[in-house]
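Visitor: Sequence:
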Amino acid sequence: MSLLERTIANIKELDQKVIEEIKAYQKRLTKPPGSLGVLEEISIRLGGITGQKCPDLRKKAVVVMAADHGVVAEGVSAFPAEVTRQMVDNFVHGGAAINVLSRHTGADVFIVDVGVAASLEHPRVLSHKIRPGTDNMAQGPAMTRSEAVEALEVGIRVADDLLGKGYRMLATGEMGIGNTTASSALVAAFLGVPAVEVTGRGTGINAAAVEHKAEVIDRALAVNRPDPNDPLDVLAKVGGLEIAALAGLILGTAAKRAPIVIDGFISSAAALVSSKLVPRSPDYMIASHCSAETAHRKLLQYMGLKPVLELEMRLGEGTGAVLAFPIIEAAVKIVEEMATFESAGVAGAND
Numbered sequence: 027m028s029l030l031e032r033t034i035a036n037i038k039e040l041d042q043k044v045i046e047e048i049k050a051y052q053k054r055l056t057k058p059p060g061s062l063g064v065l066e067e068i069s070i071r072l073g074g075i076t077g078q079k080c081p082d083l084r085k086k087a088v089v090v091m092a093a094d095h096g097v098v099a100e101g102v103s104a105f106p107a108e109v110t111r112q113m114v115d116n117f118v119h120g121g122a123a124i125n126v127l128s129r130h131t132g133a134d135v136f137i138v139d140v141g142v143a144a145s146l147e148h149p150r151v152l153s154h155k156i157r158p159g160t161d162n163m164a165q166g167p168a169m170t171r172s173e174a175v176e177a178l179e180v181g182i183r184v185a186d187d188l189l190g191k192g193y194r195m196l197a198t199g200e201m202g203i204g205n206t207t208a209s210s211a212l213v214a215a216f217l218g219v220p221a222v223e224v225t226g227r228g229t230g231i232n233a234a235a236v237e238h239k240a241e242v243i244d245r246a247l248a249v250n251r252p253d254p255n256d257p258l259d260v261l262a263k264v265g266g267l268e269i270a271a272l273a274g275l276i277l278g279t280a281a282k283r284a285p286i287v288i289d290g291f292i293s294s295a296a297a298l299v300s301s302k303l304v305p306r307s308p309d310y311m312i313a314s315h316c317s318a319e320t321a322h323r324k325l326l327q328y329m330g331l332k333p334v335l336e337l338e339m340r341l342g343e344g345t346g347a348v349l350a351f352p353i354i355e356a357a358v359k360i361v362e363e364m365a366t367f368e369s370a371g372v373a374g375a376n377d
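Residues 27 to 377 in my numbering are what the sequence shown lists, from first letter to last.
Relax, there's no trap hidden among the hints.
Simulated pairs of lysine-lysine, PhoX-like, Cα-Cα distance not exceeding 25 Å:
(1) Lys191 <-> Lys79
(2) Lys359 <-> Lys85
(3) Lys332 <-> Lys49
(4) Lys191 <-> Lys359
(5) Lys359 <-> Lys332
(6) Lys359 <-> Lys49
(7) Lys359 <-> Lys43
(8) Lys49 <-> Lys38
(9) Lys38 <-> Lys191
(10) Lys79 <-> Lys38
(11) Lys43 <-> Lys53
(12) Lys38 <-> Lys332
(13) Lys332 <-> Lys43
(14) Lys191 <-> Lys85
(15) Lys57 <-> Lys359
(16) Lys79 <-> Lys359
(17) Lys57 <-> Lys43
(18) Lys79 <-> Lys332
(19) Lys332 <-> Lys302
Pairwise CB distance ranges, derived in the manner of DEER restraints:
(20) Pro305 <-> Asp187: 24 to 34 Å
(21) Ser145 <-> Leu217: 32 to 42 Å
(22) Arg245 <-> Lys57: 47 to 57 Å
(23) Glu363 <-> Asp134: 24 to 34 Å
(24) Lys43 <-> Arg129: 30 to 40 Å
Since the hints were made in silico from the structure, they are not lab data. Beta carbons are placed, not taken as given, at the ideal position from N, Cα and C, and that holds for glycine.
Starting from the given sequences, assemble the full structure and let the hints guide the process.
Guide: Right under this line is the structure:
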């Protein structure tokens, strides 16, 4: 049995006993039932994921998967492909938005090269390069099926390693010029909708460029004819190496019964791949925010995920995910530290 197969087999149902315990305990806290809204929902989900009433999530990290995309040759991005490497350098030196926000929220940043089209030799970059970028999906498959599996397993191994080192909550981040094109292609293929319905501005292209981007995606889908009933086929034909690695990170985290915080549209496309491989995997996900990217809300609703934040962000990198960390931790603190009606001597509501 392969690592991917073992991981899939290890993703179990949530702990319903703990879920019911937390629901009952919430009713005893000094507040009207449901008055803390999504915070209550998060604490219940965390209990089901971890099997603990008050999991300690203080040690947390965001994993930034980086790779290039051959489809950039079709002119789908406002930035040239070399920006992927340049931004990885920025991550390494702590100057990117994800570095700033991670420092602010007390999260560690791990950068993983799964397919950057340049040599990256730096001790802060975890090198798991499968190939130097994907092929142009508008002309044929982005990668082989075996490469897609290899990228998934990179993500699984990274999750295993970090959770084994004591991290208790992980978040998804990415860097790859052209990856909104691959993400829109994945969503269009899996949901069976025209590319124009799920294609947005990405790095900031104008309306004419969005139309061209959708046409390129439609061409890629026509050329490759991915089978929506075969997640690996779709991933290999129109996906990305960093997207596949993120999908593996999600599966690996779920298999270890830890929460995985999903960032924006690209991370959600990876989450969609995970959900197609393991339908119960969204149970382990917390959607950090709903981005300004076209169709992100539709995608979250499709997976049954409710975003914690709405800040009109569309940067990626894991920025929305790390901003959600303090709110997720606050949900645990409510259960852990809030007084009950009995302990505080406060009268409960009349039946």
